[in-house]
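Trainee: The lines below spell out each chain.
There are 2 protein chains.
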Amino acid sequence: MQDKHISLAHGNGGRYMRELIADVFARHLANPDLDIGLDAVPLSLAEGEVMFTTDGFTVQPLEFPGGNIGSLAVHGTTNDLAVAGAEPLYLSLNAFIEEGMEIETLDRIVASLAETANEVGVRVVAGDTKVLRRGEGGGLYLATTGVGVRQSDSQLGFDGIIDGDRILVSGPVGDHGIAVLLAREQFGLRGDVFSDAASVLPFTRAALAHDGLRFMRDPTRGGLATVCHEISQHTGLGIRMQQPDVPVRDAVQSVCEMLGYDPFYLACEGRVVAVISDAQADALLADWRRLPQGDEAAIIGTVHAQTDKVLLVTELGGERILDELEDDPLPRIC
Amino acid sequence: MQDKHISLAHGNGGRYMRELIADVFARHLANPDLDIGLDAVPLSLAEGEVMFTTDGFTVQPLEFPGGNIGSLAVHGTTNDLAVAGAEPLYLSLNAFIEEGMEIETLDRIVASLAETANEVGVRVVAGDTKVLRRGEGGGLYLATTGVGVRQSDSQLGFDGIIDGDRILVSGPVGDHGIAVLLAREQFGLRGDVFSDAASVLPFTRAALAHDGLRFMRDPTRGGLATVCHEISQHTGLGIRMQQPDVPVRDAVQSVCEMLGYDPFYLACEGRVVAVISDAQADALLADWRRLPQGDEAAIIGTVHAQTDKVLLVTELGGERILDELEDDPLPRIC
Numbered sequence: 005m006q007d008k009h010i011s012l013a014h015g016n017g018g019r020y021m022r023e024l025i026a027d028v029f030a031r032h033l034a035n036p037d038l039d040i041g042l043d044a045v046p047l048s049l050a051e052g053e054v055m056f057t058t059d060g061f062t063v064q065p066l067e068f069p070g071g072n073i074g075s076l077a078v079h080g081t082t083n084d085l086a087v088a089g090a091e092p093l094y095l096s097l098n099a100f101i102e103e104g105m106e107i108e109t110l111d112r113i114v115a116s117l118a119e120t121a122n123e124v125g126v127r128v129v130a131g132d133t134k135v136l137r138r139g140e141g142g143g144l145y146l147a148t149t150g151v152g153v154r155q156s157d158s159q160l161g162f163d164g165i166i167d168g169d170r171i172l173v174s175g176p177v178g179d180h181g182i183a184v185l186l187a188r189e190q191f192g193l194r195g196d197v198f199s200d201a202a203s204v205l206p207f208t209r210a211a212l213a214h215d216g217l218r219f220m221r222d223p224t225r226g227g228l229a230t231v232c233h234e235i236s237q238h239t240g241l242g243i244r245m246q247q248p249d250v251p252v253r254d255a256v257q258s259v260c261e262m263l264g265y266d267p268f269y270l271a272c273e274g275r276v277v278a279v280i281s282d283a284q285a286d287a288l289l290a291d292w293r294r295l296p297q298g299d300e301a302a303i304i305g306t307v308h309a310q311t312d313k314v315l316l317v318t319e320l321g322g323e324r325i326l327d328e329l330e331d332d333p334l335p336r337i338c
Numbered sequence: 005m006q007d008k009h010i011s012l013a014h015g016n017g018g019r020y021m022r023e024l025i026a027d028v029f030a031r032h033l034a035n036p037d038l039d040i041g042l043d044a045v046p047l048s049l050a051e052g053e054v055m056f057t058t059d060g061f062t063v064q065p066l067e068f069p070g071g072n073i074g075s076l077a078v079h080g081t082t083n084d085l086a087v088a089g090a091e092p093l094y095l096s097l098n099a100f101i102e103e104g105m106e107i108e109t110l111d112r113i114v115a116s117l118a119e120t121a122n123e124v125g126v127r128v129v130a131g132d133t134k135v136l137r138r139g140e141g142g143g144l145y146l147a148t149t150g151v152g153v154r155q156s157d158s159q160l161g162f163d164g165i166i167d168g169d170r171i172l173v174s175g176p177v178g179d180h181g182i183a184v185l186l187a188r189e190q191f192g193l194r195g196d197v198f199s200d201a202a203s204v205l206p207f208t209r210a211a212l213a214h215d216g217l218r219f220m221r222d223p224t225r226g227g228l229a230t231v232c233h234e235i236s237q238h239t240g241l242g243i244r245m246q247q248p249d250v251p252v253r254d255a256v257q258s259v260c261e262m263l264g265y266d267p268f269y270l271a272c273e274g275r276v277v278a279v280i281s282d283a284q285a286d287a288l289l290a291d292w293r294r295l296p297q298g299d300e301a302a303i304i305g306t307v308h309a310q311t312d313k314v315l316l317v318t319e320l321g322g323e324r325i326l327d328e329l330e331d332d333p334l335p336r337i338c
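Each protein sequence line maps, in turn, to chains A and B. Each residue of the first sequence is one higher than the one before, counting from 5 in our numbering. Each residue of the second sequence is one higher than the one before, counting from 5 in our numbering.
This is chain A alone, in the form it adopts within the complex:
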């Protein structure tokens, strides 16, 4: 490739596309199951329930402190499998690349995606690229679909959640949202906030060892508040969260106060929210705190049958309703 930018010819099915796929995608993503000459690829699957999930990624900027759209795509999709109780195994990757994108940037992002996949233990085995006309593409969008295997004795879901269950979060909330926000530079602020984007597998594996575990979810778009609303809507039960118990980094809190955001609605990309029986909550908390990145895990609230609202109990003991998210606080955050 002589030109260092993506052209429409990189998307046409011909020689330039073949070279781009070989030089950028296949080179970084090489693994024994990836064969770019195939229309469809066979998967080897261990015993258990085959689990399936998908996610699109449009984060802007494409690279931010703590990650980029490539590492985010792997974490986002494998984390969805993890919170469903599965071990992630395979990914498909769709790239929508805007004409004019620097191939060097694309290469760096694909390299990071490949490295992340390697760390998490998944293989990218199917892919497609499309090139979008200049001005039509926002740089790069990715879509990843994940396949994993779950041991079929895990019975996670909203159905098992009962009055008195406890809610845990594996670490501080809002880091990803604020890191991306600051990376956009439009506020002239610079912080030391890094995205929390990471695999949640160590946390989900630890949680699955407790038979009182009811439900897990990663609080991405819409944040912790949205997960609480989903739990409440599906179960008909209320949630009482203790505001002082929810871990939020000082830097995140400061930026939120300055700009009028609520960290409870901001995306995390490496946290888990778990609902577990009251009896086992302390044991799970202890397990999580022993994990790297787990020292700020916390029990943050309780499921209540007396209400169907998501309530926040403030430091002074007051209660306020945490509404369902309506306006978008931060577009293109994931």
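Please keep in mind that the hints were generated in silico from the structure rather than gathered at the bench. Watch out, some of these pointers could steer you wrong.
Note that the list lumps identical chains together, so a pair holds whenever it fits in one copy or between two copies.
As the list claims (entries may be wrong) - List time: in silico SDA-like cross-link candidates among lysine to any residue, alpha-carbon distance up to 25 Å:
#1 K313 x G41
#2 K313 x Q297
#3 K313 x L42
#4 K8 x D282
This one's a predicted model, so the numbers in the text were calculated from it and none came from an experiment.
Given chain A's structure and the hints, the job is docking chain B onto it.
Mentor: Chain B only, in chain A's frame:
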């Protein structure tokens, strides 16, 4: 939803997104395996090899004679499974929707996608939506990942192709490319050309019944010529195609001549190219011609060891090299 257009709030993870997913996506795509409350969904898979493929779709305009981006996404992805010898079972769906898109149009496209999935016999079981800022999204992009099952006795691939094998195509080439081109109206031309977008499963099932079948592929981006180049590059063998034997509709030929396109490089979305032993080629042709939409199937060429080029034998007996595609004749065709 009061406003009839997509807003950024439809992508934020909150109430508007939940309503959009429920009202548009889940309503049309409803099936027993689709649960929009889950992070990942279990798949029930029949005995056989689990097959996996993915595709992105950026066609412009979103609706064209014979299809739309929704039906195209289902056909494109399930056809990739079909030509790999598999029965398609499940799809994931990613939608990147541009702010300002009419919800009515989106609804019509998702309804068509659902109807097509139903006809083909696949279930959409995982999905994600992202909303792109106005001007950044080109209306709508889709990405679909397919899972199917293949009976493991099928040994399709480039490896089995040998000197003397015959090449078949299941119908006329270039219809999809020209139908989309004309739908753009930028040439002021109107034709009676409809996209060939359709499931190729009847053709692939018929072909799999012949043990001399070596290889199948659907000639999408880059068209028939690109499939021939892939065969040649992977096998080191040449191909001699008989130009008069390749079915091209008159209307497609006329538009191509007028605008300087070559139908051999234009995308089809409902055709199969198959390589089969010389001994079984006529039998497969007879099977294909008995199928609906199969009456123009043809044996179009032969694999040759004497050359490593893709050659086109013209009506008058002259030979010309069919080069690998370089410039993009038609961006956003699929």
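Trainee: Report the numbers of all earlier hints that the structure fails to satisfy, in ascending order.
Mentor: 2, 4
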